[in-house]
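Top to bottom, those sequences are chains X and W. Just remember that my numbering sits 803 ahead of the position in the first sequence, which is counted from 1. Just remember that my numbering sits 22 ahead of the position in the second sequence, which is counted from 1.
Hints are supplied without guarantee of correctness; some may be wrong.
Straight line, CA to CA, 25 Å or less: simulated DSS-like cross-link-like pairs of lysine-lysine [stated by the list, open to error]: (1) W:Lys343 - X:Lys874; (2) W:Lys377 - W:Lys321; (3) W:Lys209 - X:Lys874.
These are computed hints drawn from the structure, not numbers from a lab.
This is what each chain is made of:
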Amino acid sequence: MDKEIKLYTISVYTENNIGLLNRISAIFQRRQINIESLNISVSEIEGVSRFTIVVNMDEVNVKKIIGQIEKQIEVIKAYYHTDEETIYQESAMFKIKSELLFEEPQIQNIIKESNAQIVTVNTKFFVLEKSGRRHEIELLYRELSAFGIMQFTRSGRISVTKQPMNISQMLAAFNN
Amino acid sequence: MTKSKYLDQPKERISGCEALVRCLIAEGVDVLYGYPGGAIMPVYDELFKYQDEIHHVLTRHEQGATHAAQGYARISGKIGVAMATSGPGATNLITGIADAQIDSTPMVCITGQVPSHLLGSDAFQETDIVGISTPVTKWNHQITKASEIPEVMAKAFYIAKSGRPGPVLVDITKDAQFEEFDFQYKKCDGIRSYIPVPKTEESTVKAAADLINNAKKPMIVWGQGVILGQAEEEFKAVIEKAGIPSAWTIMGASAIPTSHPLNVGMVGMHGNYAPNVLTNECDVLIAIGMRFDDRVTGKLDEYAKQAKVIHFEIDPAEVDKNVKTDVAVLGDSKESLAKLLPLLNENSHTEWHQKFKDLLAIEYDKVIKDDLHPTKEGLTMGEVLNQINIQSEGKAAIVSDVGQHQMIACRYAEFNETRGNITSGGLGTMGFALPAAIGAKMAAPQREVVAIIGDGGYQMTIQELGTIFQSKIPVKIVVLNNEFLGMVRQWQQLFFDKRYASTEMTNPDFVTIAKGYHIQATRVTKREELADAVAEMMASKDAYFLEVCVEKENNVFPMVPSGASVSDIRLS
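Bound conformation, chain X alone (with noise of 0.2 Å):
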């Protein structure tokens, strides 16, 4: 099995329920893996909830990682996946000094270019949102940094995987 360190996106369906992070959370704290990115949300299936989990780690940890998220008791599926093996995204926002959008017209373009949004835009300043690639959004962070960001904020990772999750056969087969 792998041995290389790499980017894991682990994804987990569980049921909607309080203290599920406390108890996913605690698996990574006490063997000290740092969580890279985490995001939770509604999944394809009502009432189920969806944890994207971001690790930097080898293969044979991620694993054994996937079997003690799967052993609690309301985790219905985790998987992990290479970068490759899913569609993923991030969502990045930028508050910035409106008098720039008119002052330096080299923002304009750079907007352009990234393909970000502007959300917002009032006498004092204006929101851009960008989604995409990490790599592209810090890409323009580091161009809008020269001319000073007001506020900076970055989701977790979301992805979705290429692969079918059979999570509402899952399910299903438990009904029966």
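Go by the hints and put chain W onto chain X.
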């Protein structure tokens, strides 16, 4: 078993606390251990009302309640129940919960909690016990509405016992205890996100059988999974048919009798010489219901590297966790071993077995003889165990604490009945034995229960003598007193140039203390007094305390030094 009168009945309007007690009775709980306090008082009020149907034992500390519940569960296979109030009552349960988690003991803990409107306000005796207990429970849940009680309790009992067992904690706010609702109880028979027992694939059983049938030097290491799966008979049939020398982890002890010809002893740090050495010579290692703990494997890089490894296991997360397996047979041990049996060829492996006997002879000569039949002055722990074996006819359930005496007890106790070895294996909890013995005796009153405890661990939960006295629990308590924290002292001697940092104990008069609790008590200091004293203890119908003053600086051997390979086991 007759069906409980609170099961599947029409709805009835009662309070949350009364509902909780009915849930316990409906689940077949006949005894629970606990300690009252503010946030759990409504439940205690109901326990008072229902005392003809369910018996509450007041321990002297909440930790004692958990260990008693563990002892109860370990000897009977039933779920142990412990109860405490919020705050310090709840946090005092944590050691026992962690112990039950690592030793896969089915236990349900119930804690009171401050009223829901005070949650998060740092109220008197408020603690986030759900948060605190999360990493050491199989499952936990906080109830803030009475209407949740039946479903959550049913889930708690189902989760604690099913699959790989473990502790569950249910925290109930005081307002939920008082609130009235329409009570109805149904048992839980499944949770959609939880697969307690993974399916046993026929192909894996076949692959395992092929490896075993072609093995020249197969060896089995079994753990508690055989006992938890009630697979003792299936296991015995497998080893007898295939003629495989079989060794046990500390948690697997007693699944087959000590005297069984294929039982080659204990593996691990203070296990027997033969199975440790031959782990690194076998060609197929068959692990059954065990988890390759570091105390079993020693240095992993040098553990059974020459062998093909087969792992029979109920918990998929254990497969390949520590030792890479060639064949993993998932599932319940009772079922998977039954499937394995018809596929096995009959065999005796006589030559291979002889190797175990030869190494045992060396161990006997260098270690066992002097432990069991010492000629030097000064009592050994081993000879005390030997006396207990003789006088109990090997029928006693041995409840051991943690340390040198524990290793001696597990090495030398004669087990003739399953669930006869109750000890804190994974967590190594000093103070476990005295309260665990209480639970064990109550769950199996027909069995002789002998607690073997060191002078250190004894003083960690010595207050449970009060429980033994008040609740009239006829346990036999043997303290092997060497006036040291013996195992730590042994390590200091061997690895820290005899710098005995904080291991010497100045002890009280243990006999007087026991007598203070009106428990019969004797002290033995000479070899010639030992047999009579043990006989008197065994003959007693009531609780009995026996202190044996043993040699102060004896060491436990064999020993696999920490970080060494199992085959580098030392005999002295």
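Here is how each hint holds up against the structure:
no., hint, verdict
1, W:Lys343 - X:Lys874, "holds (13 Å)"
2, W:Lys377 - W:Lys321, "holds (23 Å)"
3, W:Lys209 - X:Lys874, "holds (22 Å)"
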